[in-house]
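*Asks:* Model the full assembly from the supplied sequences, consistent with the hints where possible.
Sequence order for the protein chains is A and B. To convert, note that position 16 of the first sequence is 15 in numbering that gives the first Met the number 0; the numbers rise steadily by one, no gaps. To convert, note that position 58 of the second sequence is 57 in numbering that gives the first Met the number 0; the numbers rise steadily by one, no gaps.
Careful: at least some of the hints might be erroneous.
Unchecked claim - Covered stretches of chain A, going by a simulated chain B footprint (3 or more residues, C-beta under 8 Å):
{"#": "1", "region": "140-154"}
{"#": "2", "region": "167-174"}
Claimed, not checked - Capping the alpha-carbon separation at 30 Å, the derived lysine-lysine pairs in DSSO-like fashion look like this:
{"#": "3", "chain 1": "A", "residue 1": "K92", "chain 2": "B", "residue 2": "K64"}
{"#": "4", "chain 1": "B", "residue 1": "K8", "chain 2": "B", "residue 2": "K191"}
{"#": "5", "chain 1": "B", "residue 1": "K58", "chain 2": "B", "residue 2": "K188"}
{"#": "6", "chain 1": "B", "residue 1": "K64", "chain 2": "A", "residue 2": "K91"}
{"#": "7", "chain 1": "B", "residue 1": "K188", "chain 2": "A", "residue 2": "K163"}
{"#": "8", "chain 1": "B", "residue 1": "K8", "chain 2": "B", "residue 2": "K58"}
{"#": "9", "chain 1": "B", "residue 1": "K119", "chain 2": "B", "residue 2": "K58"}
{"#": "10", "chain 1": "B", "residue 1": "K191", "chain 2": "A", "residue 2": "K163"}
{"#": "11", "chain 1": "B", "residue 1": "K119", "chain 2": "B", "residue 2": "K64"}
{"#": "12", "chain 1": "B", "residue 1": "K188", "chain 2": "B", "residue 2": "K64"}
{"#": "13", "chain 1": "B", "residue 1": "K58", "chain 2": "B", "residue 2": "K4"}
{"#": "14", "chain 1": "B", "residue 1": "K191", "chain 2": "B", "residue 2": "K64"}
{"#": "15", "chain 1": "B", "residue 1": "K191", "chain 2": "B", "residue 2": "K58"}
{"#": "16", "chain 1": "B", "residue 1": "K64", "chain 2": "A", "residue 2": "K163"}
{"#": "17", "chain 1": "B", "residue 1": "K119", "chain 2": "B", "residue 2": "K4"}
To be verified - Cβ pair distances, simulated, as ranges:
{"#": "18", "chain 1": "B", "residue 1": "E94", "chain 2": "A", "residue 2": "V161", "range": "36 to 46 Å"}
{"#": "19", "chain 1": "B", "residue 1": "L189", "chain 2": "A", "residue 2": "I63", "range": "46 to 56 Å"}
{"#": "20", "chain 1": "B", "residue 1": "Q159", "chain 2": "A", "residue 2": "P96", "range": "34 to 44 Å"}
{"#": "21", "chain 1": "B", "residue 1": "W123", "chain 2": "A", "residue 2": "R32", "range": "37 to 47 Å"}
{"#": "22", "chain 1": "A", "residue 1": "S94", "chain 2": "B", "residue 2": "N190", "range": "43 to 53 Å"}
{"#": "23", "chain 1": "B", "residue 1": "L56", "chain 2": "A", "residue 2": "I188", "range": "29 to 39 Å"}
{"#": "24", "chain 1": "B", "residue 1": "P91", "chain 2": "A", "residue 2": "E1", "range": "26 to 36 Å"}
{"#": "25", "chain 1": "B", "residue 1": "L10", "chain 2": "A", "residue 2": "T127", "range": "25 to 35 Å"}
{"#": "26", "chain 1": "A", "residue 1": "S34", "chain 2": "B", "residue 2": "L19", "range": "42 to 52 Å"}
{"#": "27", "chain 1": "A", "residue 1": "F65", "chain 2": "B", "residue 2": "N190", "range": "50 to 60 Å"}
{"#": "28", "chain 1": "A", "residue 1": "G167", "chain 2": "B", "residue 2": "E94", "range": "44 to 54 Å"}
Hints in this document: simulated from the structure, not taken from any laboratory. All residues carry an ideal CB built from backbone N, CA and C; glycine is no exception.
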Amino acid sequence: MEYIAIVLSAILVNNIVLAQFLGLCPFFGVSNRISTAAGMGGAVMFVMTIAAIVTYMISHYILIPFDLIYLRTVTYILVISSLVQMVEIILKKVSPPLYQALGIFLPLMTTNCAILGVAILVIQNEYTLMSGVVFAIAHAIGFTLALVILAGIREQLELVNVPKGMRGNPVILVAAGLLALAFMGFAGIV
Amino acid sequence: MDQAKNFTKGLIRENPVFILMLGLCPALGTTTSAFNGMGMGLATMFVVIMSNIVVSLIKNFVPSKVRIPCYIVVIASFVTIVDLVMAAFMSPLHEQLGLFIPLIVVNCFVLGRAEAFASKNTLWSSIIDGTGMGLGFTLALTLLGASREILGSNAIFGFQFLQADGMLVFVLAPGAFIALGYLIALANKLNK
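*Replies:* Structure follows, in structure tokens:
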């Protein structure tokens, strides 16, 4: 039951992009095609889950026992950037097709604040390792969902005659705002 | 480069939020009021100036292959300083900004200045660039925060100018996207 609450809350109620404003750069950057949006979502899910596990271990077995909490930001970001590098090397060796599919999105993951944000939230909410993993996966699903929906809207927007001043980024932001408004309808189900 | 131009480019012509669309997460997440937006902007400005200074000083000693991790560690150290100082002296604001203070580390705009400017320029121009860009970011966040506060709660910097219910949606998440969309449209118009 606890896991269901975490999943529903992360995907619909507190959607990581639309309600918590994390990971906005890829949200606007790679949402021009549904296929690239889905690829980015997959990559984020992969790295976010591993990052949550690794930072959980570091936090509970190194930082807390040795009273080094103030080093949290520095360690996490270093761990995440080396993790991204490592995932990239392993994927290149083990599964070249997947590596090809993810392409440029993998290295960009380091500066995706959703990854660091979820890692910090798992520790702040004092989850166990298992709930932490569920939390990370659910947030990644929420991220993918928002990204794919926005990509769908943007594909349609290309066919629309938008007023001159609103073309480009402004109209995409307003569309994202309306999407966030729709997601607010889920408030209260958990 | 002309230093005056170097300073003013961050304010309008290359404003990180309105024109370059960088650092959007804190720009949308923390601007529920003008005061919060300004606090976040000033915290980021401190980090960008300090990291520009250090990066431009160490640029000749860092091998180019490992420069990004090095820059990130420099930035993360200053973010930790800001985090601890704010927790100690500005506890209510720190509480409000919450997660977004440690997340200054992954603000692409800070790393962008280190990589694109400070690693190629002298100490003095890097300080000017950091100050100009930081001010531009603060300006954008304050403006966005003020417009959301005015529309959402009929107040500015906490001063209630109208005793009535505002349009609550502007304080909530969707209003952030919509307000920024229209501000960018306005900035585009003014830039032409």
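*Asks:* Determine for every hint whether it applies to the structure shown.
*Replies:* Consistency of the hints with the structure:
no. : hint                       : verdict
1   : 140-154                    : violated (count 0)
2   : 167-174                    : holds (count 7)
3   : A/K92 - B/K64              : holds (21 Å)
4   : B/K8 - B/K191              : holds (15 Å)
5   : B/K58 - B/K188             : violated (38 Å)
6   : B/K64 - A/K91              : holds (19 Å)
7   : B/K188 - A/K163            : holds (10 Å)
8   : B/K8 - B/K58               : holds (23 Å)
9   : B/K119 - B/K58             : holds (8 Å)
10  : B/K191 - A/K163            : holds (13 Å)
11  : B/K119 - B/K64             : holds (15 Å)
12  : B/K188 - B/K64             : violated (41 Å)
13  : B/K58 - B/K4               : holds (23 Å)
14  : B/K191 - B/K64             : violated (39 Å)
15  : B/K191 - B/K58             : violated (36 Å)
16  : B/K64 - A/K163             : violated (43 Å)
17  : B/K119 - B/K4              : holds (17 Å)
18  : B/E94 - A/V161: 36 to 46 Å : holds (40 Å)
19  : B/L189 - A/I63: 46 to 56 Å : holds (50 Å)
20  : B/Q159 - A/P96: 34 to 44 Å : violated (59 Å)
21  : B/W123 - A/R32: 37 to 47 Å : holds (44 Å)
22  : A/S94 - B/N190: 43 to 53 Å : holds (45 Å)
23  : B/L56 - A/I188: 29 to 39 Å : violated (53 Å)
24  : B/P91 - A/E1: 26 to 36 Å   : holds (32 Å)
25  : B/L10 - A/T127: 25 to 35 Å : violated (48 Å)
26  : A/S34 - B/L19: 42 to 52 Å  : violated (27 Å)
27  : A/F65 - B/N190: 50 to 60 Å : holds (51 Å)
28  : A/G167 - B/E94: 44 to 54 Å : violated (36 Å)
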